[in-house]
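Enquirer: Residue strings, one per chain:
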Amino acid sequence: MITEGFLSILNMQTLIVILIGVVVGIIFGAIPGLTSTMGVALCLPLTFNMDPVTGIALLIAIDVGGTSGGLISAILLKIPGTPSSVATVFDGGPMAERGEGGRALSIGIVYSFIGTVLSIIALIFIAPTLARFALKLGPYEFFAICVFALTLIGGLAGKNIFKGILSGIIGVLCALIGIAPVGGAKRFTFGLEFLENGFNILPVMIGLFAISELLKMGFERKEEETITVIPYRMHGFGFSLREFGEQFVNMIRSALIGIGIGIIPGIGGATSNLIAYSVSKQHSKCPEKYGTGYMGGIVASETANNASIGGSLIPLLTLGIPGDTVTAIMLGGLTLHGIIPGPLLFRTSGVLVYGIFGAFIIATIFMLVVEWSGIKGFVKLLSIPKNFLMPVIFLLCVVGTYGLNHQISDIFVALLFGVFGYFMTMFHFPVSPLILGLVLGSVIEENFVRGMMYANGKFIIFFTSPVAAICLSCTVLYVLFYIIRQLSERRYSGRSK
Amino acid sequence: MKKKYVFLNGNILFSVFLLILGIIFFVASFEINSGIMQVDGSVLLPRVVSFLWLVFAFVVLIDSLKNANNSSEKKGDQGGFLLTLGLLIFFLFLLILIGFKFASIAYLFLQILVYTPRTKRNYLGITVVSVVLPLIIYWVFNSVFGLLLPKGILF
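Chains as they are written, first to last, in my numbering: chain S, 1 to 497; chain X, 1001 to 1155.
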């Protein structure tokens, strides 16, 4: 099965698709304002006519390319290309300013590769074991895990846990709109025909990421916008064997942080790069060098953010719970192909799973080669003005959205969520809990309905499962802990005034 | 004493909007019929979720009211935002009327103008890009990938 899985991707068509995916991903990652999430959402409709392995391989390739591509603008423009590369700016920018831009790029590319490889190893070894454990879980446990995951996302995704949880609840409710899968009841359709099929994840994603970005650009339009790319020259890997040895512990620690954070649903590279940077600085023998163009800063950031990619695939493949927004879209993609990720996936579609692992490995190798050799071309793309680029991206999004069901109502839904997403971002409501709520909503409902049937309508029976009881209790305690912390912070600030 | 027009704070207005939506969904949850078979979860869950929406929207509103004086709203170009929103709605109507090809040309031209500062507008360049790119996109996705795109009801 393992050999069959790996061999399933070793054909010309899949390899070309992976290569294109990596290139598209790097482009989306490198240009500030575009993200790998947007790239994955845009390319999702293209996967409909592909077989499942090739389709998912494309999406993974875009994610790998996009997460790594952010380092290009982070170093040469001092603007992170994606949220996963924020910490790369702290040392990549200063290194480029003192004439070592090529060295910074080389370090970033190599450690992106290493981070991804380490996460692939973790994925291959952890996922099957976790899947075997997950087979023992039933509807009570899955319901409780999803609720806890959503609460965790709500708390970690933004600064205000109430806004985060409300965002997740909105996502879950959006998932419930339409005709109930069991019973056929019409829910929240308000007599509108286009709501009877519910909201598809693609128009929602396009709205929340692409259209809200367009509106944001209109709000932030400036009179003068000049883009200055810092000159650079690439020489070899950019570091010696001795420096590699010095950064070895930093590399392993950052990879573990990236994998661990990737596994936790809702947070991904955007958080792991900052945490890894901060931990690396705390444990360093020379913390004062961080922020001045120190190699360790780039190592921490780029290893962690790419390690999160494999980490986020672990809960997706084993539990059917996406680790971040990109895997949430992948979940949508797999569902559209009739594949339900979860513990049974390794038994029913083992070839697919190992094909995904193989695609991940190939995409990582392509990312190293393409980014290294094509860096000049990618840097040229940074000069494309956003005022031309974004409207064109929007047109591509319209093509993708319409291509789903050939319904104008899907474009209307995208526009609606675009406006909603714009205001959410303006008023500091995190968007990722909404997306995860939308994706997990059907999983929550299915397990809740099944659980209630087993329990003869008595919700208290859910607590007879130790896993479910722990997760639901942790959910309540997590919210209570936040409330208590907020109250004590306010009391303290009141006293100091 | 300076009057604080707290109710004009965007954060509060948005929180009120979410609270109103929550009320609408909660009331609507009582009108859900169970359908062809009695299923405990499929009617109960929407009610629970909409109730939680109501509760958390209320908490967020209270939180926003308490922090109204501390929060500062981002300054920007309201006109640019409204023009972009107007163009997106205009594009949707054009899409229905005249189809993807011509709607995209019109939208792209106007949107690039909105984004480009007056001093940097190259009308010839913008026109060429606005005409050529949508036609390329249409050709690639329609002829090469075989994807159907809106043709419009007028043509």
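Take these hints with a grain of salt, some might be off.
[Claimed, not checked] Taking lysine-lysine pairs in the DSS-like style, the calculated list, with each CA pair at most 30 Å apart, reads:
| hint | chain 1 | residue 1 | chain 2 | residue 2 |
| --- | --- | --- | --- | --- |
| 1 | S | Lys380 | X | Lys1101 |
| 2 | X | Lys1075 | X | Lys1120 |
| 3 | X | Lys1101 | S | Lys78 |
| 4 | S | Lys136 | S | Lys458 |
| 5 | S | Lys386 | X | Lys1101 |
| 6 | X | Lys1075 | S | Lys159 |
[To be verified] Which stretches of chain S does chain X cover? Using the computed rule of at least three CB atoms under 8 Å from a CB of chain X, they are:
| hint | stretch |
| --- | --- |
| 7 | 86-95 |
| 8 | 164-176 |
| 9 | 208-221 |
| 10 | 391-403 |
| 11 | 439-453 |
None of these hints come from the bench; they were simulated from the model. C-beta atoms are modelled at their ideal positions from N, C-alpha and C, and glycine is treated no differently.
Enquirer: Now tell me, hint by hint, if it's right for this structure.
Expert: Checked hints:
no. : hint                    : verdict
1   : S:Lys380 <-> X:Lys1101  : 29 Å, holds
2   : X:Lys1075 <-> X:Lys1120 : 23 Å, holds
3   : X:Lys1101 <-> S:Lys78   : 38 Å, violated
4   : S:Lys136 <-> S:Lys458   : 22 Å, holds
5   : S:Lys386 <-> X:Lys1101  : 22 Å, holds
6   : X:Lys1075 <-> S:Lys159  : 21 Å, holds
7   : 86-95                   : violated (count 0)
8   : 164-176                 : holds (count 7)
9   : 208-221                 : holds (count 8)
10  : 391-403                 : holds (count 9)
11  : 439-453                 : holds (count 8)
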